[in-house]
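Asks: Chain residues, written in single-letter form:
Number of protein chains: 4
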Amino acid sequence: MSLTSPLHGVVPPVCTPLDSRGEVDTTSLARLVEHLIGGGVHGLFALGSTSEVAYLTDAQRATALATVVDATGGRVPVLAGVIDTTTARVVEHARAAAELGADALVATAPFYTRTHDREIAQHFRRLHAAVGLPLFAYDIPVAVHSMLSPALVRELAEDGTLSGLKDSSGDEGGLRRLIVGLGGRDGRANGPAPRFSILTGSELTVDAALLAGADGVVPGIGNVDPAGYVRLYDAARAGKWELAAKEQERLVELFAMVDAGPEADMGRSSSALGSFKAALKLLGVIACGDTAFPQIQLSAESVAVVAQRLRAAGLPPVR
Amino acid sequence: MSLTSPLHGVVPPVCTPLDSRGEVDTTSLARLVEHLIGGGVHGLFALGSTSEVAYLTDAQRATALATVVDATGGRVPVLAGVIDTTTARVVEHARAAAELGADALVATAPFYTRTHDREIAQHFRRLHAAVGLPLFAYDIPVAVHSMLSPALVRELAEDGTLSGLKDSSGDEGGLRRLIVGLGGRDGRANGPAPRFSILTGSELTVDAALLAGADGVVPGIGNVDPAGYVRLYDAARAGKWELAAKEQERLVELFAMVDAGPEADMGRSSSALGSFKAALKLLGVIACGDTAFPQIQLSAESVAVVAQRLRAAGLPPVR
Amino acid sequence: MSLTSPLHGVVPPVCTPLDSRGEVDTTSLARLVEHLIGGGVHGLFALGSTSEVAYLTDAQRATALATVVDATGGRVPVLAGVIDTTTARVVEHARAAAELGADALVATAPFYTRTHDREIAQHFRRLHAAVGLPLFAYDIPVAVHSMLSPALVRELAEDGTLSGLKDSSGDEGGLRRLIVGLGGRDGRANGPAPRFSILTGSELTVDAALLAGADGVVPGIGNVDPAGYVRLYDAARAGKWELAAKEQERLVELFAMVDAGPEADMGRSSSALGSFKAALKLLGVIACGDTAFPQIQLSAESVAVVAQRLRAAGLPPVR
Amino acid sequence: MSLTSPLHGVVPPVCTPLDSRGEVDTTSLARLVEHLIGGGVHGLFALGSTSEVAYLTDAQRATALATVVDATGGRVPVLAGVIDTTTARVVEHARAAAELGADALVATAPFYTRTHDREIAQHFRRLHAAVGLPLFAYDIPVAVHSMLSPALVRELAEDGTLSGLKDSSGDEGGLRRLIVGLGGRDGRANGPAPRFSILTGSELTVDAALLAGADGVVPGIGNVDPAGYVRLYDAARAGKWELAAKEQERLVELFAMVDAGPEADMGRSSSALGSFKAALKLLGVIACGDTAFPQIQLSAESVAVVAQRLRAAGLPPVR
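Listed in order, the protein sequences are those of chains A, B, C and D.
Take 83 as the starting number for the first sequence in this note's numbering and just add one per residue.
Take 83 as the starting number for the second sequence in this note's numbering and just add one per residue.
Take 83 as the starting number for the third sequence in this note's numbering and just add one per residue.
Take 83 as the starting number for the fourth sequence in this note's numbering and just add one per residue.
Think of the hints as simulated: they come from the structure by calculation, not from any bench.
We put the beta carbon where it would ideally sit given N, CA and C, even for glycine.
Treat the hints with care, since some could be wrong.
Dumping the calculated DSS-like pairs for lysine-lysine here, alpha-carbon to alpha-carbon at most 25 Å [stated by the list, open to error]:
1) K328(D) <-> K322(C)
2) K328(B) <-> K322(A)
3) K328(B) <-> K328(A)
4) K322(A) <-> K322(B)
5) K322(B) <-> K328(A)
6) K322(D) <-> K322(C)
7) K328(D) <-> K328(C)
8) K328(C) <-> K322(D)
Ranges between beta-carbon positions, derived for each pair [unchecked claim]:
9) E240(B) <-> E383(D): 27 to 33 Å
10) S381(C) <-> A141(A): 38 to 44 Å
11) G255(C) <-> E116(B): 52 to 58 Å
12) E240(C) <-> E240(D): 48 to 54 Å
13) E116(D) <-> R157(B): 56 to 62 Å
14) D152(A) <-> G255(D): 51 to 57 Å
15) E240(B) <-> E237(C): 38 to 44 Å
16) D140(C) <-> E383(B): 37 to 43 Å
17) S87(B) <-> G255(D): 54 to 60 Å
18) G396(D) <-> E335(A): 56 to 62 Å
19) E240(C) <-> G269(B): 39 to 45 Å
Chain A with its partners taken away, still in its complex shape (with noise of 0.2 Å):
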C-alpha cells in the first residue's frame, strides 16, 4: 500500500516473536499483525528496535518483514526498519526491504563510527537515491548516541529527501521547535515540506505530541494494546483532549509492566521487550515469550507482575 498521504496514527513496531529456539515464530507473528490490524492501526513498523532488528541474522529479518507484508496484504503500510552501521550496509537492506514489500523504509544516523552532520546529511542522501521508497529518519540516541539536529531534519525534509521523522529522542522541546519551523500544528500544511510526517516514539506523551502538531505514534506497548492507542488517537483528532489525556494514563500504568524484571538482573531494555512479549503471549496471540539471544528471559515472578497490569488496565489474560 504506497504512501498516497503523509503517515499519520497508530503505527506500532511490530514485535518479532521467537520459538524457543530462537527462529522467527511466524505464525505468532502472523496472529500479532492480525491483533494490530484488528485493534485498528494505520500503519505496522517492522523491524524497528522493539522488534529486536538488532538481534536479527539477515535471514530472520527477511523472514520477519515478508511475513509482515504477507500477513497485512495492503490494508495499511508497512514501514521497515533499515538498521546497521553506515551508508553501504544499510543500502544492502533498504534493496531487501523494498523488494519484500515495504511500503517506506526507517534509517538511523551511522552509528558505532562517530559522525557528523554533513556526513548525515549524505547518508541520508544517497539511501534515498539508490531506493526509490520513502525514507523516514529514526531519531534514537539511545541505541545512536548521536541526536539528529532540527535544523538538519528540517533540510531533508524541505528538499524532499526524507518522508517523515521518526522521532524517540525524548526531546520534546527540540521536537515542538522542529514542529513549529515546519509551519506549526495548523500550517503544516502549508509550510515548506507539506507531506512530512512526524511520529513520536515517546509512548507515554502521545496526547501532548499530538497536541503539538504530530501526525503519529509508534508505541511500542501498542504491540500489548493497540485499540488503547486508537482511542487516544480518535480523541485527539476529535479535539476531545481530556479524554485523550484519560487514556494516555491508563496506558502509562499499563506501561509499568517494563519495570517486571529487576534492574540488578538484567538490563532496561530487555526488561521491556521481555514484558512486552509476556503480555502478547498472555493474552493469546504469541505462543512464545521469549526475547532473542543474549537476553535475560524475564522470571516468572515477572510475569505474574505483567499479569497484574494486564488486568489493572482491562485487559484479562487468557492463559
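Using the hints, position chains B, C and D against chain A.
Replies: Chains B, C and D alone, transformed into the frame defined by chain A:
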C-alpha cells in the same frame, strides 16, 4: 505570602539585572518584578538558574532576594533558590532566605560530588528539618548531572518532606509516570500526596505538561513575555487546549531568540541568558543587558536578532 | 599461524585502502601488509575500527580479510574483527572469518541495544562455543557506549572464554587494576589466567602500558610508522624505559596529524582515519587516500598538514 | 613557603577529619599533616575534592586550611582548593585562602552552569589578576562535567596565568599530548612554559605519568600511605622504573579498599572517602572516620575489608 494551597500557575525564574560593574541593579530588578506581576504571574522564583544564581556571591544573592521580596510586597509567593554543592552549605543559604522573607525554598540534589539516592533523601530531609519553609526539589540534570528518580520524589512527597517539584529534567515521560503515580491528573487531590505541586521548567511544552496534570510552569522566557504564559495557562485551565497550543507556538517562536549568540563563540547557557536580558532591555524593563562574568556578552548583531524576534511575537522594542 | 603463545608486541589495526569508487583496493592492501610486516610488527588486526569495518559490506569485509590473510602468508598471526550489534550476527561474521583463515577473533559487547553484564557474559561464551578460535574482547566505549567491567573480563579470562583483551577504553587506571588482579606485571605467568593477552589501543601511552604489564599495542597510527612502534616495544622489553618514552614522544608528535581536518567540517573519527590514509598515500604505500562514504574527505590543506607531520617525524613523503 | 621552583613530587589532597557532630577535628587534622610530612611528601593540597571541600561551609574551610597551614609550619608548600561555581565566588575563596597563608591556589572551571573555552580563559585570568598567588588549574570532569582543552591549558601556561595543572581528567593520552606540546619530558625546562608544573591525580598510574614527564602526583590514597608514594616517586626519579612499577602495584592493591562500601547502598565517592578515613582511623592517625553529611557511612563489615587491605599492604592497623 504563605503557601496556603499548592503552588500553581506561572512562576517565572526572575532574571537578576546587573549594572556594568556586575553588581545587582536593584532598581531594574524591582521594575522587572512589577513587569512580571503586571503580566499576571502567580508566583516568583528568585535565585534560580535563570537568575544566574551560580554567578552571584552570597552578598549579591541576599541583595537580589531582598529586592524581589520587597518589590513583591506579598502580592504573590516568592520562592528562593538555595543552590550549593551539599547540605551544610545549602542550609546556610536556606536560613538566609528564610530571614529575608522567602515563602518557599527550591533546592537541588548535591552536586560537584558524586551522589546517591539514599544520600539525596537524607539531604532533603535535613534541609526540611533545619528550615521550616515549604521545600521544592529542583530536578535539573543539565546543571547537577544526576536525576531525581520518580520513586525518590514520590517517597519525599508522601512523607511531607517536599511540597513540590520544579522539573527541568526534560524527561516528560518520567514526569507523566510521576503524576500518574501520585494519583493522576484528576485524582491528585485525593492522591497519596494531595498538596504536592508539580511545576515544569520545560517552557516549550507547557500546554502538554498542563494537559498531563502539572500545576504550573517556571519559564525562563516568561521574564520577557509573562502575559503570554498567563494566557497559555488560563486557556489550559479553561479546557481550551487548542488555544493553549497556539499560544505555546507563539512562545516557541519567541524562544528562538536563544539562538542569537553564535555557538562557536559562547556557551548555550550564556546565549540564552544574554538574549533574555537583551530582550528585557529592549522592552525598557531593565537598564543593562549584561550577564555575569565570565559569560561572553551578546554582540550587537545578536541583539538585533533578539529585537527581530520580539517584533515578530508582537512585543515591539521601546528602545 | 596459530596463537601458540599469548599474543604480544605491535599488532596494528590494518587500514582498508579503498579505490575512488569505494571498493577495497586489494593491491594497496597487500602492499600495506608488506609495509607493516616489513616494519617488524608481531601481528595484524584486520577489520577493526581503524579498518573502517563499520563502513564495509559483508562482501567487502571478506575481500579485505582474505587479502590480509593471503598477503601475510602465515608470517604473523591475523586477528579478525567481528563487529556487529548482537550475538547471532557476530557469530555469522566469526564463522566467515574462521573460513577465511583468521587466527583469532576480536568482538565487542552488544551495541545499538542497551545491554548488561550478564548478557555480555552470555554473548562472549556463546561466541566462543560457536567458533573455536581464540577470542579477544574489544573494549571500545567510544563506539559501543558501554564498558567491560574488570570483574567481567577477569571472570571470562579465568574460565578460558577469552584469550585476551584489546583495551581502547581509555581507562588506564581500570586497566592497571585488571592487570594487578590477574597477577601483576611479573606474576601473570603464574596468575589465574596465565595465557591471557592484554593489548592496549591507547597509542599515545604505550610505554606506560608496557611498564604496567600489558603485552602489546594495537596502534592506529602504527599503519603509518610500524617501525617506530616496534622500536618503542623493543626498548621497553629491554628495560630501556627512557628510550621507550622518547620514541613515544616522537609518535605523539606524529599523531598530531589527526587534527588535520577542521572539526567544524568533519567528525573526529573521519579526520583521524583520513589523515592515516593520506599519510599512507604520501608514503607511497596505498594508491588512494579516500575514506569510506559518508565520511568527509580531507582537503588539500589538511593533506599538507599531514605531509608536514610526516617530515617532522623523519618520514618524508615520496609523492 | 613560596613556590620558588615548579612544584613537584608527592602532594596529597589532605583529608579533612570530622568529629561525630560533623565539625572539623583540628587535632586529628594536625596529626594527619604530621603523618604526611613524616612520610616525606613534597607539598600538601588542602580543600581538594578528597578533603570533602564540597561538603564544608566557608567557616569549616577556613578552619581546615588554617590548621593545615599552621601544622605545616612552612616545611612544605600548601596549596588551597578554591572550589565554587563561578568566578566571583571563587575569588572570595581565593582571597580568604591567601589571607590564611596558602602558598598557591587550585581552581576548577565554572560548574553548575554550562560553560565554554573562552569563558574558562576569562575565569582563570581574572582569578589570577585578583589574587597574586601561583594558580593551578584543576581538571576534574567527574565533578565539573567539562574538560579543560589541551590548547587552553597551553595558552594559559604560556602567558603565565597558570603555574600548573592538577590533572584528574583520566585522559592520559591528552595529558601526554599536553606534555609533548610544552616541550616534552626532557625539553620542558626550555619549553614555551618552563616553570609549569604538571601533577597527575590518577593515583593508579603514577609511574606512567612520571615516565611521560609529569612533575608529581596528588594521590587521595597518599593520605593512607604517603611513604609508599614517596618511594614510588624516588624510584622514578632515580630511573628505576621497574621498582617504581612494583611499588605502584602494591598501591593499586591497597587502593582496592575503595570498593569496601557496597555500591547498592552508597555512592562511589562516599565509599572511597569513607575507606580512606577508616584506614586513617585504623592507623591511629585520626580519631573518627566519619565522612560529611549526607554521605552514607561505611558499615563495620566494610571497615573490616579496609583493615584487611591495610594488612595486606604492610600497614597493620593499630586499633
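Asks: Checking one constraint from the list: CA of K328(B) to CA of K322(A), max 25 Å. Satisfied?
Replies: holds (16 Å)
Asks: Regarding the pair K322(D) and K322(C), is the alpha-carbon distance no greater than 25 Å?
Replies: Measuring from Cα to Cα gives roughly 10 Å; hence the hint holds.
Asks: Checking one constraint from the list: CA of K322(B) to CA of K328(A), max 25 Å. Satisfied?
Replies: Roughly 16 Å between the alpha carbons, so the hint for K322(B) and K328(A) holds.
Asks: Go ahead and decide if the range 39 to 45 Å is satisfied by the Cβ distance of E240(C) to G269(B).
Replies: The hint (39 to 45 Å, Cβ to Cβ) is violated, given that E240(C) and G269(B) are roughly 54 Å apart.
Asks: At the C-beta level, are D140(C) and E383(B) separated by a distance inside 37 to 43 Å?
Replies: violated (51 Å)
Asks: Using the C-beta atoms of D152(A) and G255(D), is the stated range 51 to 57 Å upheld?
Replies: Between D152(A) and G255(D), where Cβ atoms are some 53 Å apart, the hint holds.
Asks: Can you confirm whether the C-alpha distance between K328(D) and K328(C) stays at or below 25 Å?
Replies: Holds - the C-alpha atoms of K328(C) and K328(D) are around 22 Å apart, at most 25 Å.
Asks: Given a hint of 52 to 58 Å, does the C-beta separation of G255(C) and E116(B) actually sit inside it?
Replies: This hint holds: roughly 56 Å between Cβ atoms.
Asks: E240(C) and E240(D), beta-carbon distance inside 48 to 54 Å?
Replies: holds (49 Å)
Asks: Are K328(C) and K322(D) close enough, with their CA atoms no more than 25 Å apart?
Replies: Roughly 16 Å separates the two Cα atoms, so the pair holds.
Asks: Take the C-alpha atoms of K328(B) and K328(A), compute the straight-line distance between them, and say whether it is at most 25 Å.
Replies: Between K328(B) and K328(A) the Cα gap is close to 22 Å, so the pair holds against 25 Å.
Asks: Do the beta carbons of E240(B) and E237(C) sit within 38 to 44 Å of each other?
Replies: About 41 Å separates the Cβ atoms of E240(B) and E237(C), which means 38 to 44 Å holds.
Violated hints, in rising order: 16, 19; the structure is consistent with all others.
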